[in-house]
Every structure is written in C-alpha cells, then in structure tokens.
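With these hints in hand, go ahead and build the complete structure from the sequences.
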Amino acid sequence: MEDKRIGVYICWCGTNIALMVDVEKVTREMAKIPDVVISRDYKYMCSDPGQDLIIKDIKENNLTRIVVASCSPRMHELTFRKALKKAGLNPYYFEMANIREQDSWVHTDRHEATKKAEALILAAINRVRYHEALDSRKVEIDPATLIIGGGITGITAALEIAGSGEKVYLIEQSDKLGGLAAGLDLTFPYLYSAVQMLRTLVRKVNTDPDIKIFLNSQVEEIKGYIGNFEAQISSAEGKETKLKFGNIIVATGLKTFDPSGMENYGYGKFPDVITSTEFEKMLQDGLIQKKNGTEPENIAIIHCVGSRNKNYHEYCSRICCSTALKFANQVRSQLPKANIFELYADMRAFGKGCEEFYASTSRKNIKFLMFDQENELPRVMESEKSDRCDMLIELNEKLSGKAVLVPADLIILMVGLEARQDVKHVAHATGLSICGNQFYIEKHPKLDPVATTTYGVFIAGACQAPKDIPESVSQAKAAAARILSTIARGSVEVEATTSCVNEEICCGCQTCIRICPYSAISFLEDKKVSFVNEILCKGCGTCGSGCPTGAIKCKHFTDVQIFSEIEGLLNMSYSMEEIKEA
Amino acid sequence: MENKPKLKVAAYWGAACGGCSVSMLDVHEKLFDILALADFVFWPIILDTKYHDVEEMPDEHIDVTLFNGAVRNSENEEMAKLLRKKSKILVAYGSCAHMGGIPGLANFFSKEEIFKRVYLENESTFNPDGTVPQPVCEVPEGKLEIPVFYNDVLTLNQVVDVDYYLPGCPPQTERFLEVFMAIATGAELPPKGSVVGARDKSQCDECERKRTDNKLVKKFYRPWEIYDDGESCFLEQGVICMGPSTRSGCGVRCIKGNAPCRGCYGPPPDVIDPGAKMMSAIATMIDAKESDDIKKIIEDIVDPTGTFYRFSLPAAILRKKSIYEEKY
Amino acid sequence: MKRTIIIDPVTRLEGHGKIEIILNEDGDVNNVYLQIPELRGFEKFCEGRPVEELPGIVTKICGVCSGCHHMASGKAVDAVFGVEPTPTAKKIRELFHMAHFVHSHIAHFYALGAPDFVVGPMAPAGERNILGVIKKVGVEIGTEVLKQRRLAQEIQDLIGGHQTHVIMNIPGGVRKGLKEEERKDIEEKAKGFVEFARFTLKIFEDVVLGNKGYVDIILNGPYKLNLYSMGLVDENNKVNFYDGKVRVVDQEGKEHCKYAPPDYLNYVEERVEPWTYLKFPYLKKVGWKGFVDGKDSGVYHANPLGRLNASDGMATPLAQVEYEKFYSVLGGKPVHHTLAMHWARLVELLYSAERCLELAQDSDITGKELRTKLNGIVGEGVGIVEAQRGTLTHHYWTDKKGMVTRVNLIVGTTNNHAAIHMSVKKAAQALIKKGENASEGILNMVEMAFRAYDPCFSCATHSLPGHMPLIVNFRDAKGNLLRSLKRDG
Amino acid sequence: MEYKPTILAFLCNWCSYTGADLAGTSRLKYVPNVRVIRVMCSGRVETTFVLKAFREGADAVLICGCHPGDCHYHEGNYKCLRRYLLLQKYIQQMGIHPDRLRLEWVSASEGNIFARLIDEMTETVAKLGPCEVRKTMETIM
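Chains as they are written, first to last, in my numbering: chain A, 1 to 582; chain B, 1001 to 1328; chain C, 2001 to 2489; chain D, 3001 to 3141.
Keep in mind that the hints were calculated from the coordinates and are not lab data. Among the hints, a few may not be true.
Pairwise CB distance ranges, derived in the manner of DEER restraints [to be verified]:
(1) B/P1190 with A/R137: 32 to 38 Å
(2) C/N2375 with B/K1143: 55 to 61 Å
(3) A/G261 with C/K2373: 44 to 50 Å
(4) C/K2373 with B/D1292: 28 to 34 Å
(5) C/G2210 with B/P1190: 52 to 58 Å
(6) B/T1212 with A/S491: 32 to 38 Å
(7) C/G2210 with B/K1143: 44 to 50 Å
(8) B/D1033 with A/R137: 53 to 59 Å
Far from chain A by the CB rule (all over 12 Å, computed), these chain D residues [as the list claims (entries may be wrong)]:
(9) Q3088
(10) K3089
(11) Q3093
(12) E3123
(13) G3129
(14) E3132
Computed from a prediction, not measured in an experiment: that's the story for all the values here. From the three backbone atoms N, C-alpha and C, an ideal C-beta is built for every residue, glycine too.
This is how it looks when you write it as structure tokens:
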C-alpha cells in the first residue's frame, strides 16, 4: 500500500461542537495516531477559509487522506469532497466524522461526548486508510423530457423546457389538462381568475410543436437511467407508445380529501353540506344557491376538514385557510346580507399578501369562530322550525369558552389535500421514495428540494407536499431549469460508489442477480460470471452482502473499510494506548 | 536436476484422522517419482525416523514440512513449534491444520463437558469412582504423563507462523502432487500465506449441475426430506450447499456423489469467514417478507453453526461458543 | 551402573500412542503402560448436529478406516429413522465395504506387517519399511501392491464419492446407484483382487511359513494370550463384515454370547484409567479383573484373529479353504498366537476379494431402488459393522426432529486396547532381561506384538495417528526414574 | 467504575441515519453509549460485520433501516431482516444473548424514536452486563 499521510480537521462549529466536545484535547489525541501527519481544529471547517486550510495542507504536506470531524456527512460531505478535488486529490480519499448531530448536540456529559468524538474520529482515520480513488462517471443526456401530470405544475415545466426548444412528453391521466387549478374560480389573495390563467397556458401548450401531450394516459414501467430512460405509455383506449427521454419531472399533484367518512359534518346526509371543490364549481357557474335553488341566508365555512387531525391527516393542507377567506369575500360580494361564519382551528393565512387578505376579509362582517381541532370537532345537526335555518352547527367556541349553536343553510367543508391512489405505482415506475404522508421524498429538504435520490428524476408541485399555485409554479420552473442545464451540458456526472464484480473470483452462482432491485446485474453466459451495469447500479450494496464468494465489491463500503471502522469505534472503548499497539 | 540436492521433506500430524497421510500415500505408483525427488526425513506413519532426531536437526534443516491436523493438546503445539523451527517452509496440510476441521466442532463445548460425556456420563462406561485421565498420574512404578487436553481446538496458524495452506478433507491427491512437484522442481512459489492446491473460484465454477438465477427459497430441506433430482443446483432445490463460498480444487467430489458441499476446501481469497458469508447469502435467498414467515423458513436451517462452519469453526470470527454462556 | 533406554517413535502404526515399559532394579520388566495421549471428543461434539449429517462427520474419526465408520453410522442412522435400506442400497454399501477391506488389508500387510517378516525383525531400521519389502520382493511386485491398493480405492471413490471420506450414505439408502459399465469395471478389478489375495497368501507361506525361525516365533514366541474372541457373523455363524450378530467365544472356542447390535450394552462395558485417554472395554458378564487373560477376565479381542475364532468359517469357497488350513497348521481352533493375526488378515483379504466379486456379479447391484421411504423418527439407533481392526459400534440418540442428543462409540482398536497392553507387556517381560540386551532388534520384537493388531489409534482415540514413543525406563523399587535407554542411541 | 455498555449501530443513510441526525438538530438528548456506522442501505449490513463487532468487544449491535415498504432501494431492509433473523439463531447457538442484537426500523422523521431506542437499549444491555465474546475469543485453553 502507498504510504498514507492523513490530515485530520476538527470543527468547533462555533460553539455547537466545542461546548460539548473538548476539541483541543481530541485534536492532540488524534495527532498521536499512526499515519496522522496533521491534526488541526478550526472554528468553521465548512467556511471558505476552513476549506482553504485543507487545500493548503494537502499541497504543502502532500497529504493523501483527509478526515473532517464536524457536522453530518449528509450536510457537508460533498462540500469537502469538492475541496479535495480542488487540491488535486481524489474526492473519495475523504471521510467525515459526525460529531455534531450525533454527538455534541445529543449528549450532556462533556467527558463522554469527548470520548465518543475520539472514537468516531479514530474510526474515520482507520477507514480512510483503506479508501480507494473513485472516478465519477459521465453519462450522455437524451434531450427529451417526460413530464408526468398535466396540472399547472406540469404545464409550466413543459412550457419552460419547450421554450428553449427541447422536446417534452406531457402525460395526463384525465381527459383534460389543468389539474386541481382547473376546478378553481378565483385565486387568493389577489382574486385573479384561475380559469383565464389556465386557458392561456393550455393554449400555449397545445400549440407548442415541441410538446407532445398524451391525455387519458398512464406511464407503465420506466426502464433505464439518467439521460437514457425509456417508457411505455398506455392510453385509455389501450394505445401503447414507446418513448425515449433523458429526464423526468413527476408533477402528479394531490387530490382533495373525501369527507364522507366524517359523520359529524353530515356530508352526504344533509344536501347543503358541500365540499370546497363543489363550491368552487358553484362559483364558476356564478350562482350561490342551495340544492332547492333558493338563496342561503346563513353560510358556514368549516376549516381543516381532514387536515391537522390524528384520525385523518396530521399535516396542514396549506391552501385551505386562504381559500376559505377567498370564499368569504366572494360570498360577501354576491350576497351582501348573508351571515357568513368562518369556523376555524387556527388561521394560517401565510404567504405573500395573505395575512393582509385575512385582515381585509375580517372587516367585511364575517364571524370567525374557533374550535378545538384535536378534541372537539364541530357537529352539524338538524334544526327546529323555530330556528329559522336549515341546519345548526354545535361547537365549543375556544376563545370565549362558550358552547354555541351556529345557524346554517349552506355549509362549505374546506377539504384538505392528500396523495392520489396511484402514488405508489408512479413511485415504483420512477424509483421514487414515499414519506409517511405518501408524498414523494426530495433529495434534500432544504438544499435540493426538486431533485430526488434517483438521478434524472425530479419532483415539482403538490406531489411533494401541499402547495399553492405560486409555489408549484416556481418548483416547476426550478425543475425545468435543472433539466435544461444538464441538457445544455449534454452529459452528467453520476455517483461512483457502485458495485462491481471481480471476474477472477466470481463462480457464477448467480445468487446476486435477483437481489438487485434495479436489475443492474446480469449473467455473462460466455464468461460464466455476473456483471454489474454501474450506471443502473444505485450503490445500495445489498448484492455485496449477498455474494457468497466475496467477488462483488461495494465501492466505498468494502468489507475491509467497514471492518477498520468497527475496530476504530470499539477499540476506543478500551484505551488510546491499546490502539497504538494495534 | 540430478545434481540438484534432493528435497528434505517431513510430514506430521496434529489432531487429525490420518486421512491426510492417506491422501499423500494415495499417489500410489507415483510414490517412486516422489522418492526420486525428495528424501522424507520424518514421516512417522511410514518411516523409522525418530522424534529426537528432529530435535537434533539444525534449524531450517527440513525444506518442507507438511503438517496436518489441528492443535488439540500441548503435544500438538510443541510439535508444531519444533517443526516450524526446523523447517524452511511449513505447509498447513488439510482442513484441520487450515481451519480446525471437523475436530474444531468441539469448540462448541468445554474440556469439562467433553470429559463428562466420554468418561463420566457414558452408557457403556462403568466408572463408579469418576476417574478421568490426568496429564500427570502417579502409578506404583512412578509418574506417567500424557499431553494436556486444551479447552479449545486451534488452527495451525494460531500457534505458529504458516507459509502455505493446502486445503481439503483430505486434500485431493492430485493437488498434493502438483504442489509437491512445484516445490521439488524449484518452481516459483506464490507469496507467503497463500492457499495452494486449490483454485480461487468457488465450487459452482466446476459444478456440472444446472444453475439459474432463481435462488428464491420458500423452504429449506434436509437431504432426506427430498429426492435430489441429481441435476439441478442444490440451493435451487432448497438444500443448503456450501459450494458458493468454498474454493474449487477437489473436483466437486461431494456434489458429484450427490451430496451437497460442506466447505472443506475453505473460503475463496479475501473471505475472512466463509460461514458468515454463506449465511448472508442464504438469508437473502429466503423468499418471504413477514418476520413470522421468514422465521418459519429459518426453522429448517436446524444447525447453523454445524452447517456453515462444519470445517472452519476454530478459524471463524466467533471461533468457539462463548464459554461464559448466557442463560436466557 | 544402570542405563536408560528411550525408543521413539514406534513407527509404522496408523495410530497414536505411547508405551512405557518400566523395569525393576534388576532390569527386568516390572510393568507396562500403553498410553493413548489423544482425545477429540466426537461423542460430545456430534451432539446438536442433524443425525443425517453424522455419517459425513464420523468418517473424520479415522481417515484409515473412515469407510467403516461411514457404514456403521449409516446403519445407526437408518435405525434412528426405523428403516432398512433397499436391497440394492444394502449391496452397494457392502460392495464398498469389501473394497475398503481389500485396500486396507493390502496396505497393512505390505506396509506395516510384512517388513518384520519379509525384511526380518533383526534387519536395520532403515530397511524395515515398505521400501525394504519392495527391495526384497522386487519392484514389479511392489508396483503390483500399490496398484491393487489403488484399484481398491478407485472402487471406493466410484461408489463412495470420495476415496477417503465417503459421502454415499443417506438415511434409508445411498445417494447414487451403479451403472452397468461401472459394475463391469468393478467386476474386472475384483477378479484381480482374488488373484492378488491368493498370490499374497502364497508369499506368506513361502516367506513366513517356509521359514522355521518365523514359525517358531509365531508359535513359541512370547506372543500368546488366552482371550475371548469377538466378531460379527451371519446366520450361519460365518464371518461377515457388514451385517449380522456379534458373537463372542471363550478361550476354548465355546460361544460365550451372541447379540444383535441394539443389545450391545448388555454385553460390553468400558473402564477408565487415569493414565490414558482411551477406555478399556471388557465383557460385562465376566467383568473387569485387570490386565490379565484367562476365562475369568473379561478382556477380549476383536480383530482378524478374533473374528476367525468367533466364527465357524468363511462364507466364500477359497477363503474357507484357507480358513481350514490356518487352523490345521496352527493346531486347531481357537488360535491365541498374536502374530497369527497377519495370516488371519490375509484369509480375510481373500474373503473380501471373493465377496467383492460376488457382489459385483449380483444383478441387484445396478438396481434403481436406492432409497427406502422414510416415515417418522424412532429417535435411537445402533449400527455395528466389522472394521479392519475390530468390531465397530455406533449408537445415536435424537430428539423427534432428528437432532442428535447423545452419541456413544466403541471403535475397532478400542476393543483390543487391553489385549495390546498385555501382549506388549508379555513380550517385553520375555524379551528384555536385565535391561542389558535391549537391542534395536529385541525392541522391534516388542513392537511386533503391538503391530500385529494393526492398531489404529486415530480410531481408538477418535484422535490423530502420531508418533509412539516406546520408553523403557529403569526405575528402582520405589519407582524413582534412574535412567532410560535409546534404542537407536 | 460502573459498567458502561458499548452499542455498535449500523444505520441506513436515507432513513435511520437521517433520523439520528434529526435527533441532533432537534437537540434531543440520549445516552452516549452508541457508536454509529453509516451504510447506504441496511441491506449492506452483512453477517460478518455484526460478528466482527461482537468480536471487537461490542456489548450489543443495533441495525436500523427504513420501515418496511419505505426502503430507498425498494427491498434492502427486507434482505436485512432475513439476515438478522438467521443471525439471531446463529449467535444464540454460539452463546450470545438475543437482546444483544437488535433490528429496528427508524424513519428519517423519527429522531425522537431513535433517541428513545438508544436509551432503552442501553438500559437493557447494561442489565445483561458486559458481553464476553471478545474475552472468550482471546482466551485459549
């Protein structure tokens, strides 16, 4: 083995680490470990001066391996790899010890936390000795893009990409474009007409020569990898089309919650209890009326239906409050004399212009009543003749603490948003993961919200979590921009930490082939050995653990690398002395 | 080659069965070719050379010592150390010297448990005074000594430095001949610590049974539970076979005899613990997702250690049962 | 001035052991201890294994007679499942067993036994080995010896799947059948064995019986013990190696007992001595009286001589003729001259060869019914076969899933442990006088008593073969070690 | 000095390691007895790793992966579950207490669950006392 010259860098992260870990002591201890040439501590390793420190050391002391002990590798591993690359060192000659998220932030005993930090860093030092230089690979990009979902998000993304002359295939499950937005009348907070907005967009899409639209269609299985996907599109009439494309945007959106299951609101029981979607339709048709065609005197709008409640969805559906305010405004302008009640749990009118919208609405003689969303949902019940209204809503008004009865002739349930039934199908076809709420998971919630862990597959709009139109649109454009940039480059770099087969060892037992979730492993009949397509391989390493001969190597997670890590972690729990012998 | 001095060879046995020696004798008529190239300076099963002659030899006097058998008692260890000192090349010959072999299964039990079974609680033994053998024993005529029985079985390289490993239980005679001739004719030798007389690729590479990628197992069978079709991969029939994590070189002899491989040829290069590797692989073949279904399938793997470590327990990461066994 | 003699190792033994011969002050033999310094503990570590795996594990008790262990084990396992193998399977097993005997008996006679007679007990040590024998009888014969042994092993390899550690047995039968061309091949080889066995007997007659000195050593040398004899016999009390009942005859040849395998515990018992790892079996009904022979001592021997004594003859024609000659020359049944063992072994060699041929010509042998259907697990089983070196008993207990809970083994050489012990003592007492004449030749003659048994201590100790220091210590009456003598020093 | 068990934990990158990070970003507190190794998927956790951990002196080994159905690589966690169950049978045969090896599903959002798990497991293992595997392997005769 070539001689290992290891540089160890321990980060204070201001006081985040230094408060709970004796950084200076650890730095001194690590300097004693064999092969460690430099051991330094620094206030913020991730800062430019921090990175420059490493780069300078690499050049001046020709370090061959770098260990940084700071925050989680999920935070800054790439940052530091880039720094190594800058210094002319292979980025994979790097290992990170997580002494913040998994040490200083979670422990209270400084001595123990310091001991643990030593163990974690020693493990990293042991491991980095066995790191191998890996080259990230370039993949050619097919410029066409597949967009799943013809809602406002999909449409926007399509126009964005086609706008720069690239081909787009737009797949819509229903018989028309527009998605949820198509069902809206006006939009909050500025009361623009959704209908008009969409009409212009749809016209553009339909006339754009670079956008091919598939209505009533579904994506079956998607094969391939970034730059070189291939999919089968099947239409309701059973027409099948094969498509080739380089990137995918999943913009499947969400659907509205069905309140039939909530007996307290009597949806389905009382004809004039309707959902916000049905009310939008009513608005679009321009006439607010009861089923019997008469005009309602008392209109109640109930918030958080199906949202923010353990029995339904714990999350906030994000758009209902502002929509409810929009309804109040529209009702008030059509029925100046009507009694309008907003039954809410919390008023969440956030976002540009929305709080102001709330304020202006509340000045329009609207009664706001608060209820306890967790423990006591309002209850809709029959009224007596004497009540002079069709229905009564019973609730404990939270602010006054009084039990009140609200008269109502028309009740609008502000139904939340939830995942569509086919979410798993799409996830499987595109290789996306789904979170507990059945939303697609982005690559990084803060730093990479539209990318996913599958290269070449992006998510935009409400399918990632409930969103209003501006958010969806900006995500659509973000995703489009990401894709356009890769198209412009013509190729992308993909992860190098894949598996590979040592043909000298592989005995052709074929155990690995069905283990691979990506069918990346095939059997070469001529050589009688297995073969890993490293572009299909996502580097999960399961094949390596399933290989009985040790022929499969999981790059960057090899047996010896993990073993050395184990030794480092455990020998620490004896004493520093022991290791120095070892 | 005539003028080249003849090779000085020694053969010895630790805790073994003698099969290794037989495998060397099984060169049959070729014995004469061997004797043309080498003088056996020590080979108790065949020759009248004396133990103390070895002690009197200068260090590294012997060119090659083929040591078979595991280290089970003090005498095995002493002989191993003596022969190491007297030999230029020390070869661990056969599974026992290599990995502990079948005697290594004793690492399931303590010395006391073994004595108890053999001498004290044994159906055919009448032993009212509870006599057990003693390393040193007073008899009317004086002291009698026998070697100290160790608490666990050790591989040769756990007591001395080993140059090469020639695996197999016993090694295939042809492999022994090849290696012997290579050494005797002064061929270039592989790096110290190498396995010789076996291939890097595992059994499957030589196995003639039909194999597919369908290694999904819904039930494991014990050999008597099914009628082996004699043609398709044992694993694909649900019969556990150590073939995939066992070097080839034996000529897939067991499998040709319709018996699944038990791993006597040891792991391919870089595999530290063949049993663990095979467990890892076997587990992935289990075709179930629910814990209870998986457990049910695993029930049929009745003796994991005895199956996956049949020949290699003393060389395994867990080389013996925890003597401080935990009750639960 | 007294001297100490050390002789080590007693070579040409497929086994591991150590004999201490302790002299008194006058240099006469005071006592002898045969010490077995090894134990591997198969009886313990077979526990917890699936019983069907045992035939593959116990072969490792001994690489010299692993085939016998495989057979005894296979039978014990069948019993655990409560089945008999199919006729074809049974014959295939016996055919293997016969080939195993042929190869082992050839090896012992030429490599281990013959040197004493063909080369001569007084010949220099360097020549008293198989190479010396070959020099004496000529290379072409030597080559023939190795060839016949090879052919016998090729049969084992063919049937057993291994030439050493066999894997053929599976509960209720065998894993693999015989093809017609394979049968033919075996038949041809078997014919050769018969011829070679007769040729070997001829050599024995010429070289040994033809030599007054040797005959005198056999008949009148200090190599006689009056012991019970044990051996497996068929329904006609003819010698059988694979199957039947165990028969024991007394010093006069009268039947002492005859038992079926499952009953062995009523007839055989073992004793533990603190100075050796190997136990001493004896006849339970007679009891242990120490290391003495005679009717009142339960000590017995089970080996070629014992088997011939315990039977009423051989089941094959040519061997029967030799059997009769054997007893007429040695003065009637039973024979108690230890060295006659070598001759008895050759009679057995001829029987094995003939039986091998019979089976190879049996039409069943190529049958397709290889396995008896299993139904349920009985949970206990005993399997007994004859190993080259004595009656071999395997006894297994399992739980209802067939996992081994207990194992008991009484193996070939163990049966003869006490007998060997006594033979060596007797020889030593007769040959070593005043310690002064402990020449190499004399001490080799002490070893001959030992070697006749072809003792395989790898079996006996379930341990390894190894060197066998024969230590002759001079001790004073109080037992203090004075000096020792090196045979080759 | 009172006995402090060491738990070696293998966490999958996408769910469990992220969950452990979340425990940190949420400033949850738990005992410092766990030492974490990050793997991309619990499916990479090989029997050898677990045995090595015991051999090197871990008092217990914890494997965490995504909840069934949520595996970032579709089914890695199921493969892990199978290996775990076979390992359990094996280590018990080798005299190691079953509570010393655990497999738990921890999602990226379950920082609190991770913190509680470490506290609770540390307590259990502390009750068992030191794991003697390392000692056993190092003593001969």
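Comparing the hints with the structure gives:
1. B/P1190 with A/R137: 32 to 38 Å: Between B/P1190 and A/R137, where Cβ atoms are some 35 Å apart, the hint holds.
2. C/N2375 with B/K1143: 55 to 61 Å: 57 Å, holds
3. A/G261 with C/K2373: 44 to 50 Å: Given about 59 Å between the Cβ atoms, the range is violated.
4. C/K2373 with B/D1292: 28 to 34 Å: At 31 Å between Cβs, range holds.
5. C/G2210 with B/P1190: 52 to 58 Å: Check passed, 54 Å falls within 52 to 58 Å.
6. B/T1212 with A/S491: 32 to 38 Å: 37 Å, holds
7. C/G2210 with B/K1143: 44 to 50 Å: Holds, since C/G2210 and B/K1143 (Cβ atoms, about 47 Å apart) stay within the stated range.
8. B/D1033 with A/R137: 53 to 59 Å: 54 Å, holds
9. Q3088: Holds: least Cβ distance 16 Å, greater than 12 Å.
10. K3089: At roughly 18 Å from the nearest Cβ of chain A, D/K3089 sits farther out than 12 Å, so the non-interface label holds.
11. Q3093: The claim stands: D/Q3093 keeps its Cβ more than 12 Å from every Cβ of chain A (closest is about 20 Å).
12. E3123: 16 Å, holds
13. G3129: With a cut-off of 12 Å, D/G3129 remains clear of chain A, as the shortest Cβ separation is near 15 Å.
14. E3132: 15 Å, holds
Hint 3 alone, counting from the list given before, is not met by this structure.
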